[in-house]
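Protein chains in written order, with UniProt numbering: chain L, 1 to 52; chain Z, 1 to 46.
Worth flagging that the hints you see were computed from the coordinates, not collected in a lab. Be aware that a few hints might be false.
[Unchecked claim] Over the 10 Å line for every Cβ pair with chain Z, so calculated as not near, a few chain L residues:
#1 Ser2
#2 Asp3
#3 Val4
#4 Ala5
#5 Lys6
#6 Pro7
#7 Asn8
#8 Asn9
#9 Trp14
#10 Pro22
#11 Met27
#12 Pro28
#13 Phe31
#14 Ala32
#15 Ile38
#16 Val43
[What the hints assert, rightly or not] Straight-line C-alpha distance at most 25 Å; calculated SDA-like pairs for lysine to any residue:
#17 Z:Lys22 <-> L:Leu49
#18 L:Lys15 <-> Z:Glu16
#19 Z:Lys15 <-> L:Ala32
#20 Z:Lys15 <-> Z:Ala2
#21 Z:Lys22 <-> L:Trp25
#22 Z:Lys15 <-> Z:Gln4
#23 L:Lys15 <-> L:Met27
#24 L:Lys15 <-> L:Pro28
#25 Z:Lys15 <-> L:Asp12
#26 Z:Lys22 <-> Z:Ala2
#27 Z:Lys15 <-> L:Asp13
#28 Z:Lys22 <-> L:Phe31
#29 L:Lys6 <-> Z:His18
We treat Cβ as the ideally placed atom computed from N, Cα and C, and that holds for glycine.
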Amino acid sequence: MSDVAKPNNPEDDWKIWLVVNPATWLMPIFFALLVLAIAVHWVVFAVGLGWQ
Amino acid sequence: MADQSLSGLTDQQAKEFHEQFKVTYTAFVGLAALAHLFVIAANPWW
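When you get a sec, could you build the whole thing from the sequences and use the hints?
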């Protein structure tokens, strides 16, 4: 198990695209980000930190 | 078919895409930081 190459980040970050094809997954990633942003804003307003 | 990556991208394509991804992501973080500074200026949450 020790001869496995250790990842070296951020230099090796680009290799994610050798696993995740952006042509397929870039828009789903953007939509997930949008859902997360809406959820965060929802919570912030729900706890009363939004402008009243 | 053996030496193709899981995503099908070549190393060169992955590196090229990552360069653009970093630029766009940096812009996103910058804009979010700016928005947070406006909120802090207008209505600090602590």
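Outcome of the hint check:
1. Ser2: Label holds. Min Cβ-Cβ 24 Å, cutoff 10 Å.
2. Asp3: Asp3 of chain L clear of chain Z: closest Cβ-Cβ about 20 Å, beyond 10 Å.
3. Val4: Non-interface label stands for Val4 of chain L: nearest chain Z Cβ at 17 Å, farther than 10 Å.
4. Ala5: Its Cβ never comes within 10 Å of chain Z, the nearest being 15 Å, so this holds.
5. Lys6: It holds; Lys6 of chain L is separated from chain Z by about 19 Å at its closest Cβ, greater than 10 Å.
6. Pro7: Since the minimum Cβ distance to chain Z is about 15 Å, Pro7 of chain L lies beyond 10 Å and the statement holds.
7. Asn8: 15 Å, holds
8. Asn9: Asn9 of chain L clear of chain Z: closest Cβ-Cβ about 12 Å, beyond 10 Å.
9. Trp14: 4 Å, violated
10. Pro22: 5 Å, violated
11. Met27: 13 Å, holds
12. Pro28: 14 Å, holds
13. Phe31: 14 Å, holds
14. Ala32: Nearest chain Z Cβ is 13 Å from Ala32 of chain L, so the label holds.
15. Ile38: At about 14 Å from chain Z, Ile38 of chain L clears the 10 Å cut-off, so the statement holds.
16. Val43: 12 Å, holds
17. Z:Lys22 <-> L:Leu49: 31 Å, violated
18. L:Lys15 <-> Z:Glu16: Roughly 11 Å between the alpha carbons, so the hint for Lys15 of chain L and Glu16 of chain Z holds.
19. Z:Lys15 <-> L:Ala32: 23 Å, holds
20. Z:Lys15 <-> Z:Ala2: Status holds; Cα separation ~20 Å.
21. Z:Lys22 <-> L:Trp25: Answer holds: Lys22 of chain Z to Trp25 of chain L is near 16 Å, not above 25 Å.
22. Z:Lys15 <-> Z:Gln4: 15 Å, holds
23. L:Lys15 <-> L:Met27: Satisfied, since the Cα-Cα distance of roughly 19 Å is no more than 25 Å.
24. L:Lys15 <-> L:Pro28: Status holds; Cα separation ~19 Å.
25. Z:Lys15 <-> L:Asp12: Distance ~10 Å between Lys15 of chain Z and Asp12 of chain L Cα, so the pair holds.
26. Z:Lys22 <-> Z:Ala2: Status violated; Cα separation ~29 Å.
27. Z:Lys15 <-> L:Asp13: Status holds; Cα separation ~9 Å.
28. Z:Lys22 <-> L:Phe31: 18 Å, holds
29. L:Lys6 <-> Z:His18: 20 Å, holds
Hints 9, 10, 17 and 26, counting from the list given before, are not met by this structure.
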